[in-house]
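S.K.: Listed below, chain by chain, are the residues.
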Amino acid sequence: MIPADILRIVAVGELLLAVALGVTLLIAASWRARSDRRQRADMARGRPIMIATVARDLTASEVAALERLGRRTQVRLLAEIAPSLSGERRARLGAVAVRLGIARSAESACRSRRWWRRLQGARLLTLIGAGDEVMPALLGDGHPLVRAQAAEWASDHPTAATLRLLVALLDDPHRIARFAVQDTLLRVGHPAIGVLAEGLLRMSARGIEAGLAVASRVVDPRLIPIAAALAEHDLGDVRAAAARALGAQGGEVAVQVLTRLIEDEDPRVRAAAAASLGRLEHWPSATRLLPLLSDPSWSVRRESALALRAMGAPGAVILRTALTGEDRFAADIAAQALALRLGPA
Amino acid sequence: MTAELVRIVLGQLDVAILSYFLIVNSFYAALLASASVELWTHARRVRGESRWRVLGSDVAPTITVLSPAYNEAMTIAASVAALMRLRYANLEVIVINDGSKDQTFEVLRDRFALEPVHPIFDRRLPTAPIRAIYRSRLDSGLLVIDKDNGGKADSLNAGLDLAAGDLVCAIDADTLIEPDALQRMVRPFLLSDGVLAAGGTIRVVNDCLVEGGRVTRVRLPGRLLPALQVIEYLRAFLFGRLGWNRFGGNLIISGAFGLFRRDAVIEAGGYTGESVGEDMELVVRLRRRGRETGTAHQVDFIPDPVAWTEVPESRRVLGRQRDRWHRGLADTLWRHRALFLRPRYGALGLVGYPYFVLVELLAPVIEALGIVGLIAGLAIGAVDVTFALLFFLVAYGYGLLLTYATLLLEELSYHRYSGGREMLRLLLVATIETFGYRQLTVLWRLRGLVAFVRGRRAWGAMERRGFRAG
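Protein chains in written order, with numbering that gives the first Met the number 0: chain G, 0 to 344; chain H, 0 to 469.
Isolated chain G (complex conformation) (with noise of 0.2 Å):
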């Protein structure tokens, strides 16, 4: 049996913890309980000032006024404003926040050896829409968080030098850098296009796939190339990104490659090929897509039965055709393509 006497040590030794970390915990709470009360009080005093920059110059007083808030309160109050605002009335914001040396700060932030004030800098910078000395650079930091935030801020400063490193960045291993990228790219939009063609064909295919997912989502002629030279890519993947890109721009040679791709041996490929035609509502191509409704694939019997629907009355008498045809899987699907398009919805 366990001694009683130290028992009785490790319980005293115990209570008395329990005991400290007690008066801690409320003396903690107390004080941040006050502390977000002050904090509160400074938010309301800022905050008018702050709003006033917006729409004239700040007085003296009124800037000695924001710079006894303290670094944390003008943060606080930028981060609540800058997001609502753009163009002249975001500069005019970026300029008070130069004015109380945030920019200077964050601008030294970003050139720490630390990954968490990299970080802090760099999103600080493009609050305020400032750090083109800084920023570019931080496209090729070390650490995917500060390179996503680069990108992030890349969509108000698209220049032709970062447009073409936010490019290259679509091949980065971190999903977080390029969807950050790909966000940017589609935010610029047009401008950013051009560069992007230029770029997509040097890329590994993790980084065709992220820049045909954004050329599946933008009009551009001169994405249509592109797309239909990587429409003969030997990964699949490619292929079908490709397919889905050419969807978005439609054109003559779009819909060739695309009456190609539906009879790819993937059948992602087909899947992709067959919505993308769907979505131009190529109803010419309508013939094509019949035999696609017994594919194999489930995928591709109900993408191209969604492509039929789509094109309107062709659509719908290839769809009626497969309806009263031998085979079971066709008059399923398209049994099922038809109720969708009698439904409500």
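Read the hints as simulated data drawn from the structure, not as lab findings. Be aware that a few hints might be false.
Below, a sample of chain H positions facing chain G; criterion: calculated Cβ distance under 8 Å [stated by the list, open to error]: (1) V14; (2) R43; (3) G47; (4) R52; (5) S56; (6) V58; (7) I119; (8) L389; (9) L392; (10) L407; (11) G418; (12) L423; (13) L426.
Backbone N, C-alpha and C fix where the C-beta goes; we use that ideal spot for every residue, glycine too.
Chain G is fixed; fit chain H onto it per the hints.
M.R.: What follows is chain H alone, placed relative to chain G:
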């Protein structure tokens, strides 16, 4: 002679039980340390983050929220309204009415102007017959499946078949998700291609103020039983689950709020209706399958996406819930017993699985042995009252310290319960939880273990009070 023998046995037993408590609580302390590091890293990662990119991006992963509902007429309208207000760009919500006997479907139909639709979808997971599928005229992102009763797993499988999202978020119908929770929850999937599933924090909504499907004021419940569960949930999520991120990943993602890769779940065969612990069983199966096939097998827990759930307020219902949880745990561990100490499964087989067997599953048995031994010792005079009290204090005192440390972690990170007075109440409740409530849960968990051995599979009904509106 007999008394002497009992004395010797009890002497050995108290050393064994105290050693068990020491080892278990020390592992908890390690989890707490791991959770602290995780919180520190997480805070740095998200500080100053602007999530509007995910909110507004066309390329963000699409998410389908699956909300199975069975006799939820009282809370379903508020829950679904809150889901429709979630801030996420590519969102689809599927509510599955699992053959409710109350007015759940009628409430949904009237409140959201449902109309029948006939979508084409691949029925890869077998389910109970589907009566009809509806889409809301008010919001095309809301679909409702009306089906025969088949249980929660069956409902989730029906939703999985119909879902179009890259990711599926399984929730309970009585769960309120914070508006930006999905934006936070999607982070690990963007950070790593190896992430298979992610779980978020569940908090207790009882007595909190709910306005427009959102928790606008957090309060510690006035009644003792739900307040005790606040402490349990804080400990389970803030350090229990978070700490596992650095010990090879979680084995549990709460059924009330979890995000999964849809293709992985379907390829694994969806939820199993044969287990009452379908949420844990799925996570273990997904991780095991990932290891066996060399595909994604990472399961992350993220502390800041928060979902609020109503916890039982009566001892009877709570006892039934804990009994079921323990049966589910036992069932999952039994189904996947091949993982035990198998290096092939990495940390899952060498750390996670043995921990869940030796600590989570067997804890009530060991605790019961300790308590019964102490009472027996007192009855036959083998131990005196002072020794018994000291033994009890030492055994459970370590646990109390860990609970206080969890409260400190909460205060330093999210501090949802603000002010000195609320903290004082939390401290009191935490103390009661350690000395009284915890021993009660031992009984429920033991009952679950016995029921599992006997092969009982019933769920037991949950009684709802509804959310407290502002």
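S.K.: Indicate, hint by hint, whether the structure satisfies it.
M.R.: To see whether the hints hold, each was checked on the structure:
no., hint, result
1, V14, "6 Å, holds"
2, R43, "4 Å, holds"
3, G47, "4 Å, holds"
4, R52, "6 Å, holds"
5, S56, "4 Å, holds"
6, V58, "4 Å, holds"
7, I119, "4 Å, holds"
8, L389, "4 Å, holds"
9, L392, "5 Å, holds"
10, L407, "6 Å, holds"
11, G418, "5 Å, holds"
12, L423, "6 Å, holds"
13, L426, "5 Å, holds"
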